[in-house]
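*Asks:* Whole structure, please, built from the sequences with the hints as guidance.
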Amino acid sequence: MANVEFDEVWKQFASQTAAAVKGLSLDIRDHELLVLLGPSGCGKTTALRMLAGLEEPDGGDIRIGGKSVVGLEPKDRDVALVFQSYALYPHLSAHDNIGYPLKVRNLSKADQEAKVQRVAEMLGIGHLLPRRPGQLSGGEQQRVALARAIVREPRVFLMDEPLSNLDAKLRVHTRTELKTLQRELGTTMVFVTHDQAEAMSLANRIAVLSAGELQQIGTPDEVYDHPANLFVAEFIGSPPMNLLEATRDGDSVIAESGWRIPAPRPATASSSSSEQLTVGLRPEGIAIVPAGQDGGQAAEVVAVEPLGSEVIVDVRVGSQALKIRAAPDVRPEPGSTIGLRADPAAVRLFDRSSGLAIH
Amino acid sequence: MTAELTAVGGADQLATERLAARATAPPPRPKAKAGPVEWILVHMTFVVVCAFFLVPFVWLLSAAFDAKATAYIQFPVEPTIMNFVRIFTEHDFGRVLVNSVFVAVSTMILVVVTVSLAGYSLSRLDLRRKDWITYAVLLLQTMPISATMVPIYGLARQLGLRNSYLGLILIHAAIELPFLIWLMKGFFDSIPRHLEEAAWLDGRSRIRALIEIVLPLARPGLGIAAGLAFLSAWAEVLMVVILIDQDSLKTVPLAFYEAMRNQGGYVEVQYGVIAAMAVIYLLPVMVVFFAARRLMVRGLMSSTRGL
Amino acid sequence: MAVARRGRLARNRLYLAGLSPAAFLLALFFVGPALWALGSSFTNRALVGIDAANPRFVGLDNYVRLFGDPDFGRVILNSVIFVIGSAIIGQFVLGLLLALLLDHAQRRGFLASNFVYAAVLLAWVNPTIIAGFLWVAMFDFYNGSLNTGLHVLGAQPVNWLGQGPMLAVIIANTWRGTAFTMLIFLGALRTIPSDIYEAARVDGAGAVRRFWDHTLPILRPIAALTLLSVTMATFGTFILIQTLTNGGPAFQTEVIALYAFHEAFQNHAVGYGSTIAVVMLALNLAFAIVFLRWSRARA
Numbered sequence: 481m482a483n484v485e486f487d488e489v490w491k492q493f494a495s496q497t498a499a500a501v502k503g504l505s506l507d508i509r510d511h512e513l514l515v516l517l518g519p520s521g522c523g524k525t526t527a528l529r530m531l532a533g534l535e536e537p538d539g540g541d542i543r544i545g546g547k548s549v550v551g552l553e554p555k556d557r558d559v560a561l562v563f564q565s566y567a568l569y570p571h572l573s574a575h576d577n578i579g580y581p582l583k584v585r586n587l588s589k590a591d592q593e594a595k596v597q598r599v600a601e602m603l604g605i606g607h608l609l610p611r612r613p614g615q616l617s618g619g620e621q622q623r624v625a626l627a628r629a630i631v632r633e634p635r636v637f638l639m640d641e642p643l644s645n646l647d648a649k650l651r652v653h654t655r656t657e658l659k660t661l662q663r664e665l666g667t668t669m670v671f672v673t674h675d676q677a678e679a680m681s682l683a684n685r686i687a688v689l690s691a692g693e694l695q696q697i698g699t700p701d702e703v704y705d706h707p708a709n710l711f712v713a714e715f716i717g718s719p720p721m722n723l724l725e726a727t728r729d730g731d732s733v734i735a736e737s738g739w740r741i742p743a744p745r746p747a748t749a750s751s752s753s754s755e756q757l758t759v760g761l762r763p764e765g766i767a768i769v770p771a772g773q774d775g776g777q778a779a780e781v782v783a784v785e786p787l788g789s790e791v792i793v794d795v796r797v798g799s800q801a802l803k804i805r806a807a808p809d810v811r812p813e814p815g816s817t818i819g820l821r822a823d824p825a826a827v828r829l830f831d832r833s834s835g836l837a838i839h
Numbered sequence: 018m019t020a021e022l023t024a025v026g027g028a029d030q031l032a033t034e035r036l037a038a039r040a041t042a043p044p045p046r047p048k049a050k051a052g053p054v055e056w057i058l059v060h061m062t063f064v065v066v067c068a069f070f071l072v073p074f075v076w077l078l079s080a081a082f083d084a085k086a087t088a089y090i091q092f093p094v095e096p097t098i099m100n101f102v103r104i105f106t107e108h109d110f111g112r113v114l115v116n117s118v119f120v121a122v123s124t125m126i127l128v129v130v131t132v133s134l135a136g137y138s139l140s141r142l143d144l145r146r147k148d149w150i151t152y153a154v155l156l157l158q159t160m161p162i163s164a165t166m167v168p169i170y171g172l173a174r175q176l177g178l179r180n181s182y183l184g185l186i187l188i189h190a191a192i193e194l195p196f197l198i199w200l201m202k203g204f205f206d207s208i209p210r211h212l213e214e215a216a217w218l219d220g221r222s223r224i225r226a227l228i229e230i231v232l233p234l235a236r237p238g239l240g241i242a243a244g245l246a247f248l249s250a251w252a253e254v255l256m257v258v259i260l261i262d263q264d265s266l267k268t269v270p271l272a273f274y275e276a277m278r279n280q281g282g283y284v285e286v287q288y289g290v291i292a293a294m295a296v297i298y299l300l301p302v303m304v305v306f307f308a309a310r311r312l313m314v315r316g317l318m319s320s321t322r323g324l
Numbered sequence: 003m004a005v006a007r008r009g010r011l012a013r014n015r016l017y018l019a020g021l022s023p024a025a026f027l028l029a030l031f032f033v034g035p036a037l038w039a040l041g042s043s044f045t046n047r048a049l050v051g052i053d054a055a056n057p058r059f060v061g062l063d064n065y066v067r068l069f070g071d072p073d074f075g076r077v078i079l080n081s082v083i084f085v086i087g088s089a090i091i092g093q094f095v096l097g098l099l100l101a102l103l104l105d106h107a108q109r110r111g112f113l114a115s116n117f118v119y120a121a122v123l124l125a126w127v128n129p130t131i132i133a134g135f136l137w138v139a140m141f142d143f144y145n146g147s148l149n150t151g152l153h154v155l156g157a158q159p160v161n162w163l164g165q166g167p168m169l170a171v172i173i174a175n176t177w178r179g180t181a182f183t184m185l186i187f188l189g190a191l192r193t194i195p196s197d198i199y200e201a202a203r204v205d206g207a208g209a210v211r212r213f214w215d216h217t218l219p220i221l222r223p224i225a226a227l228t229l230l231s232v233t234m235a236t237f238g239t240f241i242l243i244q245t246l247t248n249g250g251p252a253f254q255t256e257v258i259a260l261y262a263f264h265e266a267f268q269n270h271a272v273g274y275g276s277t278i279a280v281v282m283l284a285l286n287l288a289f290a291i292v293f294l295r296w297s298r299a300r301a
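Chains as they are written, first to last, in this note's numbering: chain A, 481 to 839; chain B, 18 to 324; chain C, 3 to 301.
Simulated from the structure, these hints should not be mistaken for laboratory data.
All residues carry an ideal CB built from backbone N, CA and C; glycine is no exception.
Hints are not guaranteed to be accurate.
Derived Cβ-Cβ restraints for the label pairs, each shown as a range [said to hold, decoys possible]:
| # | chain 1 | residue 1 | chain 2 | residue 2 | range |
| --- | --- | --- | --- | --- | --- |
| 1 | B | LYS147 | A | GLY606 | 40 to 50 Å |
| 2 | A | GLY521 | C | ARG110 | 18 to 28 Å |
| 3 | B | LYS147 | A | GLY614 | 19 to 29 Å |
| 4 | A | ARG611 | C | TRP296 | 21 to 31 Å |
| 5 | A | LEU552 | B | VAL75 | 45 to 55 Å |
The calculated DMTMM-like cross-link candidates involving lysine to aspartate or glutamate, where the alpha carbons are at most 25 Å apart (straight line), are [said to hold, decoys possible]:
| # | chain 1 | residue 1 | chain 2 | residue 2 |
| --- | --- | --- | --- | --- |
| 6 | A | LYS589 | C | ASP215 |
| 7 | A | LYS555 | C | ASP197 |
| 8 | A | LYS583 | C | ASP215 |
Covered stretches of chain B, as calculated for chain C (at least 3 residues, CB under 8 Å) [as the list claims (entries may be wrong)]:
| # | region |
| --- | --- |
| 9 | 61-67 |
| 10 | 136-145 |
| 11 | 165-177 |
| 12 | 248-255 |
| 13 | 290-298 |
*Replies:* Written as structure tokens, this is what we have:
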């Protein structure tokens with residue numbers, strides 16, 4: 481059990497022009513499940529591998545439990561890594577796969593056996609132990625990989641997109657199991673994924689990365705409700721946040737399509753006071769009102785997507801396409817006109833040029 | 018060369034490939050850097066290995082272009098192209114070369130036709146005992162050709178096939194068959210049957226379906242088979258020694274064989290001239306080798322599939 | 003049902019027909035000679051003389067003579083030594099080492115490994131008679147590259163073909179045939195994803211441990227088959243040895259293929275030569291059956 485610190489970590493691969501990780505500084509608390517979230521190539525896996533010791537940073541420091549681990553071999557860091565491909569040893573049985581890290585550490589046979597059995601029981605794979613990876617399904621292999629990591633009782637668990645190769649239903653199910661497991665074991669976990677829904681459901685905190693740089697770190701709620709910049713705003717949430725370009729006009733902003741959205745001036749008005757803004761409204765932050773109602777913005781319904789528990793209505797305001805979340809019984813006719821009203825509490829403002837959130 | 022290839026661990030290759038295929042491939046990652054010590058050690062070993070394997074060829078080149086060539090490597094004492102000229106004017110290499118080309122090309126054609134037919138038939142055959150045929154083919158492939166030199170001599174003499182290209186081509190084609198049938202069967206196995214079946218339903222006859230639909234898809238396999246057949250016939254020496262002693266019919270390997278014939282003692286060899294012959298003789302080999310290196314190796318190695 | 007079966011047989015008839023040209027050729031030039039050799043081994047057929055025109059049936063005389071002949075014992079010994087030296091120690095071990103080296107170099111991204119790979123392959127792909135020619139030159143006592151190299155290093159020249167013929171022949175054949183085993187091992191090594199080694203590293207295994215625990219077990223299944231395969235291939239070596247030493251000096255490198263050839267064509271005893279050929283084929287058949295059984299067991 482330990483905390484992890486990234487301190488201005490840089491990594492540049494010789495074969496690439498841009499740095500994979502740029503000045504990453506991150507504090508991961510003890511017992512925390514932190515998700516590194518971002519699109520492919522954003523540096524999250526590289527950061528994880530540097531933490532594991534499979535790559536070395538070109539600059540900066542990485543500390544586990546307060547002590548720097550840079551230069552230490554993976555085995556000396558007391559971390560366990562679950563690979564995206566599981567990396568199970570094909571010629572060993574599941575039992576021997578799980579026991580391998582213990583064997584390398586020269587634990588007594590009795591000790592090894594006891595630990596393997598305990599972990600197998602914990603994950604419900606006792607009956608799979610004699611089989612080889614080639615005889616196991618994807619989900620079963622994943623559990624064996626997990627067991628191999630757990631059996632070592634490391635200080636930190638590292639997971640590199642371990643759920644990506646599972647089919648959708650299994651993925652969701654395993655997600656919950658992982659979360660419960662981490663809470664029970666209490667071990668610090670760093671989890672890498674590109675799936676924002678996965679991140680939201682698993683994480684104690686999410687660190688969003690893009691192009692090697694940290695965009696924001698916060699709890700799922702924080703990251704969802706108060707994205708620090710446009711990238712985070714667009715990346716998190718499905719359907720994604722609606723973004724409109726607008727200019728300020730007094731106590732509201734006017735979108736290019738003409739829609740006037742209430743948006744009180746921030747207490748600390750920025751001196752640059754660039755009036756070029758991007759307005760963000762989550763699909764659930766827009767209410768549908770009868771057309772022509774006072775204060776409502778007219779919009780043309782393009783499509784209606786009934787999802788069972790809710791309905792996504794695609795509309796058009798001028799040339800701007802928007803998605804709105806509505807109650808399941810709201811079913812406007814495509815082609816008809818409806819009214820939109822933005823919830824002032826849901827309005828998020830971003831500086832159009834820098835992308836940063838304006839509070 | 019092809020005579021050496023036996024279906025090594027066919028099933029094994031299959032098993033390990035299956036395992037590898039199951040392990041889903043992670044995204045390609047930039048390679049880990051190696052320390053300087055490792056780099057030096059590895060590359061020094063490379064130099065030693067390359068020296069061992071390439072020195073004979075370096076000598077060959079230096080001797081071919083040297084009028085005063087000897088057995089050791091030297092920068093040509095008297096650089097010349099005359100060696101290449103002399104082999105055609107003094108040693109009748111031209112005729113020998115043409116003979117070799119004729120024999121190799123004819124064998125290649127015969128082999129490719131026979132082997133495609135046989136490979137296709139074996140692939141599509143639906144008999145309970147089909148495996149027996151496959152194993153029989155495999156068994157034949159392991160036969161050492163040098164053991165058949167004596168009986169083929171006797172048999173050819175009785176059949177009147179000595180000193181005839183017909184005999185030579187037929188015999189050499191037969192030698193290449195087991196391995197190449199194996200190879201082509203593998204290729205045809207990988208072409209799904211429903212393509213021909215669709216053609217049959219459309220009214221095509223078996224033969225037309227084979228020629229129009231299946232063969233074009235098997236083209237890479239046919240290419241490999243043709244290349245290997247040609248090279249093997251080009252290099253054939255055992256059968257030529259046994260079957261040919263008429264001067265006008267000699268092929269290049271026989272010319273070499275006679276130039277090199279070691280009477281158990283010392284060999285007086287005109288190195289420069291023979292080196293020049295060797296260089297020309299090697300040209301088609303190098304061309305096929307460099308052009309189709311990966312394909313060829315894959316073809317040779319893929320012979321293990323399908324056991 | 004009957005219609006389906008008839009259809010099945012009819013279709014198969016076509017495929018069997020497709021196999022017939024190949025079958026014909028194979029029967030004529032594989033099975034035929036084997037049978038001819040067998041038949042001839044029971045006669046005293048010769049190349050010239052009375053026994054050429056009227057070979058007499060001699061029963062098992064040839065075989066009795068062969069197995070009682072100390073020369074044949076020497077030939078067998080030579081063949082065994084050659085196979086052990088060239089196939090087992092040379093090609094197998096060298097091929098394995100080269101495969102390990104190249105696999106490691108490729109994982110590290112060393113581009114030079116492609117060049118080395120091509121060099122090893124070149125020695126294998128070129129016609130055997132050329133290989134023979136190249137090594138006659140290499141081993142030349144007065145001017146060969148090997149002795150010249152030794153001279154440069156200040157050592158004495160070695161009379162390779164005269165005093166160390168078996169060694170010379172083993173070296174030349176190893177040079178020639180290593181690519182085969184290297185390719186097989188390299189193929190197996192490449193199936194190991196780099197992830198496995200990384201996982202082992204994280205699990206705490208050092209380089210030696212990783213090799214022992216994860217590389218060797220992958221190689222072990224095919225090692226036995228490869229060894230058998232390369233043994234069988236080396237068993238029939240003929241041209242290379244004939245070009246270099248022709249079995250000499252004084253019978254030192256007379257391997258079984260050369261012995262058959264010399265008896266039949268130099269001593270003109272075709273019947274006796276056939277006997278030797280039959281022994282070769284029988285030995286090879288025994289190996290081949292073992293080989294097939296092993297590879298089927300792997301399936």
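*Asks:* Between ARG611/A and TRP296/C, is the Cβ distance one that fits in 21 to 31 Å?
*Replies:* Between ARG611/A and TRP296/C, where Cβ atoms are some 25 Å apart, the hint holds.
*Asks:* Quick check: the region 290-298 of chain B, covered by chain C? Criterion 3+ residues, Cβ under 8 Å.
*Replies:* Since three or more residues must qualify, the claim that chain C covers the region 290-298 of chain B holds, with 3 doing so at under 8 Å.
*Asks:* Counting residues of the region 248-255 of chain B whose CB is closer than 8 Å to a CB in chain C, do you get three or more?
*Replies:* Coverage by chain C holds for the region 248-255 of chain B (5 residues, Cβ < 8 Å).
*Asks:* Taking 25 Å as the top limit, are the C-alpha atoms of LYS589/A and ASP215/C close enough?
*Replies:* holds (17 Å)
*Asks:* Would you say the region 61-67 of chain B counts as covered by chain C, given the rule of at least 3 residues with C-beta under 8 Å?
*Replies:* Since three or more residues must qualify, the claim that chain C covers the region 61-67 of chain B holds, with 4 doing so at under 8 Å.
*Asks:* Has the hinted range 19 to 29 Å been met by the Cβ atoms of LYS147/B and GLY614/A?
*Replies:* Holds, at about 27 Å.
*Asks:* For the hint 40 to 50 Å, verify it against the beta carbon of LYS147/B and that of GLY606/A.
*Replies:* Cβ of LYS147/B to Cβ of GLY606/A: about 43 Å, so the range 40 to 50 Å holds.
*Asks:* Taking 8 Å as the C-beta cutoff, is the stated coverage of the region 165-177 of chain B by chain C satisfied by three or more residues?
*Replies:* Holds, because 8 residues of the region 165-177 of chain B bring their Cβ atoms closer than 8 Å to Cβ atoms of chain C.
*Asks:* Given the range 45 to 55 Å, decide if the beta-carbon distance of LEU552/A to VAL75/B lies inside it.
*Replies:* holds (47 Å)
*Asks:* Using a Cβ cutoff of 8 Å, are there at least 3 residues of the region 136-145 of chain B near chain C, or does the coverage claim fail?
*Replies:* Result for this restraint: holds, n = 7.
*Asks:* Starting from the hint 18 to 28 Å, judge whether the C-beta atoms of GLY521/A and ARG110/C obey it.
*Replies:* holds (23 Å)
*Asks:* Has the given pair, LYS583/A with ASP215/C, been kept, meaning a C-alpha gap of at most 25 Å?
*Replies:* Answer holds: LYS583/A to ASP215/C is near 11 Å, not above 25 Å.
Hint check: no violations occur; every hint is consistent with the structure.
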